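Q: Sequence:
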Amino acid sequence: MRLPLPRPRSLAGQLFAMQAVLLTVVVAGYALATYLSHRSEAEEAAGRQAASVARSVADSPSVREAIRSTDPSARLQPYAVAVVRDTDVDFVTIMDPRGIRWTHPDPAQIGLPFQGHTGPALQGRTFTETYTGTLGPSVRAVTPVRDGDRIVGLVSAGIRVEEIGRRVQEQLAALLAVAAGALGLGAIGTYVINARLRRHTHGMNATELSHMHDYHQAALHAVREGLLMLDGQFRVALINDGGRELLGVDQEEDVVGRSVAELGLPAPLTGALLASEPRVDEVHLTADRVLVVNTSPVTGGQRRGSVVTLRDVTELQSLMGELDSERGFTQALRSQAHEAANRLHTVVSLIELGRAEEAVEFATAELELAQALTDQVVAAVSEPVLAALLLGKTAQANERGVELVVSPDSRLDDGLLPGALSSRDLVTILGNLIDNAVDAAQGGVRPRVTVTVTALTEEDGSELVLRVGDTGPGVDPDRAEELFRLGYTTKPSGPGGRGLGLALVRQAVSRHGGTLAVTSGEDGGAVFDVRIPLRETAGAVVNGAGGAV
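In my numbering, the protein residues as written are 1 to 549.
Calculated directly from the structure, the hints in this document are not laboratory data. These numbers come from a predicted model, not from an experiment. Glycine included, every Cβ here is placed at the ideal spot set by N, Cα and C. Any given hint might turn out to be false.
[To be verified] Just the calculated beta-carbon pair ranges, DEER-fashion:
(1) Arg199 / Ser296: 15 to 23 Å
(2) Gly119 / Leu36: 28 to 36 Å
(3) Arg511 / Arg446: 35 to 43 Å
(4) Tyr30 / Glu65: 49 to 57 Å
(5) Arg55 / Gly189: 49 to 57 Å
(6) Arg446 / Ser296: 48 to 56 Å
(7) Arg511 / Asp231: 31 to 39 Å
(8) Ile351 / Ala420: 53 to 61 Å
(9) Ala20 / Tyr215: 26 to 34 Å
(10) Asp250 / Leu209: 13 to 21 Å
(11) Pro266 / Asn342: 17 to 25 Å
(12) Glu65 / Gln123: 22 to 30 Å
(13) Tyr30 / Arg196: 25 to 33 Å
Sequences are here, hints too, so could you generate the full structure?
A: Here it is, written out as structure tokens:
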């Protein structure tokens with residue numbers, strides 16, 4: 001059976017233990033140093049007190065007078081006892097120059113030699129020393145008693161070391177109380193600080209925090225989606241490599257600490273990042289990408305910032321556009337197949353009725369009509385992708401009751417477009433413009449959409465011109481710019497949302513350095529004009545009238 005190993009102490013617990021030990025050592029060291037200092041000061045103070053009392057006794061005239069008497073002890077012993085009682089010293093001993101005691105706290109010691117040094121006093125100096133006598137270790141002072149120029153006696157006053165220790169202990173008790181209070185306050189403060197640290201680190205130890213940081217860095221750079229973290233002032237706190245790529249931020253540029261408004265992003269995207277409420281699967285356009293943006297605020301009692309995730313759906317959106325076109329082609333083919341079946345039934349019925357000539361005439365007319373439409377489109381636009389798109393959109397518009405016409409001014413030979421201008425972008429631009437024009441024209445009187453596809457040569461270079469006009473209600477000049485804003489639409493929103501087509505057109509045109517404009521047509525409808533410079537053209541370039549130049 002394996003015993004569970006104890007979990008390593010959290011970082012906050014380790015810091016608390018270290019701070020508690022450090023605080024204890026500091027307070028204990030200070031208390032010890034203070035105790036030793038106080039003891040030394042107490043011994044010095046006891047020496048000064050003993051010296052002062054000894055000098056006072058030696059300078060007393062009554063002491064000199066008693067020394068000259070026949071029995072000095074009889075007069076000096078009561079005096080010495082009174083001095084001990086009044087001056088807070090432990091003993092006062094008065095002796096003759098030979099060191100024979102005249103007084104002593106213990107009367108039995110009177111007449112016996114003084115235990116201690118008297119040499120410096122016999123030379124006329126007052127000195128202090130620590131000596132162990134009959135009363136135990138004591139700090140004592142010895143001073144001479146002068147009668148004129150003669151030394152007629154000696155006075156020793158002292159305080160026992162035990163008494164000095166008692167005084168220091170009283171001071172030490174107060175010191176320990178203060179030290180304990182400081183230690184307690186320090187421990188409480190340390191606990192409060194570390195409790196807050198424990199909340200911030202979620203009780204993890206240093207190793208766990210280090211591992212989490214390593215995992216965080218690895219995950220940050222491994223995730224291909226964009227990740228952006230903003231603080232409470234909407235400044236960039238963190239951005240991964242995917243986020244830099246999707247937002248068009250230079251990989252070497254230091255953007256951490258900068259406001260989102262300083263990154264040069266499109267205004268709608270900047271507004272979404274600066275919003276305080278969460279955003280879910282919002283579609284935004286940058287210069288060359290379609291992004292899905294999700295934002296989630298980071299809260300913890302107050303707003304601390306937000307986490308932003310970015311997904312690139314540019315390719316997906318293009319594929320969806322192509323899929324919509326293919327779906328339109330399929331519907332057009334289904335409609336044509338249905339019409340062809342009706343015509344075939346008509347021909348068969350005419351033959352069964354014995355009217356073979358009328359059957360041949362009817363079939364020939366239908367075939368010539370279909371072939372004429374195909375010849376017209378292919379003759380004007382021999383670029384395969386655009387020709388196929390126009391044929392499919394013509395059938396699709398016809399099914400919806402809208403006439404789609406390729407203008408006589410159209411002319412675009414195969415191989416003329418540069419490789420940088422992809423077929424996908426052409427389908428995005430022209431397909432969305434035709435779809436919007438058909439939607440606008442549908443339901444009107446003699447609804448019609450006119451498409452012009454040509455290449456023009458100017459003095460400063462050649463350019464591709466795509467022009468789509470309709471007979472719809474037209475565009476308000478004051479709101480023309482809003483047409484290309486993501487999410488703007490005049491049609492009811494469907495399950496997939498509206499307002500993306502023209503925004504994608506503008507993005508594709510801008511990506512190739514072109515221009516996009518909308519004006520009012522002669523029939524009152526709207527005319528969308530796209531001009532894209534052709535930098536890598538091959539073959540002849542034709543003018544808008546169809547003649548070679």
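Q: Evaluate each hint against the coordinates.
A: Now the hints, each set against the structure:
1. Arg199 / Ser296: 15 to 23 Å: With Cβ atoms ~22 Å apart, the hint holds.
2. Gly119 / Leu36: 28 to 36 Å: holds (31 Å)
3. Arg511 / Arg446: 35 to 43 Å: holds (36 Å)
4. Tyr30 / Glu65: 49 to 57 Å: Because 53 Å falls inside the window, the suggested range holds.
5. Arg55 / Gly189: 49 to 57 Å: Once the Cβ atoms are compared, 52 Å apart, the range 49 to 57 Å for Gly189 and Arg55 holds.
6. Arg446 / Ser296: 48 to 56 Å: holds (52 Å)
7. Arg511 / Asp231: 31 to 39 Å: Given a distance of about 33 Å, which is inside 31 to 39 Å, the answer is holds.
8. Ile351 / Ala420: 53 to 61 Å: Given a distance of about 55 Å, which is inside 53 to 61 Å, the answer is holds.
9. Ala20 / Tyr215: 26 to 34 Å: With Cβ atoms ~32 Å apart, the hint holds.
10. Asp250 / Leu209: 13 to 21 Å: violated (31 Å)
11. Pro266 / Asn342: 17 to 25 Å: violated (50 Å)
12. Glu65 / Gln123: 22 to 30 Å: holds (25 Å)
13. Tyr30 / Arg196: 25 to 33 Å: Check passed, 27 Å falls within 25 to 33 Å.
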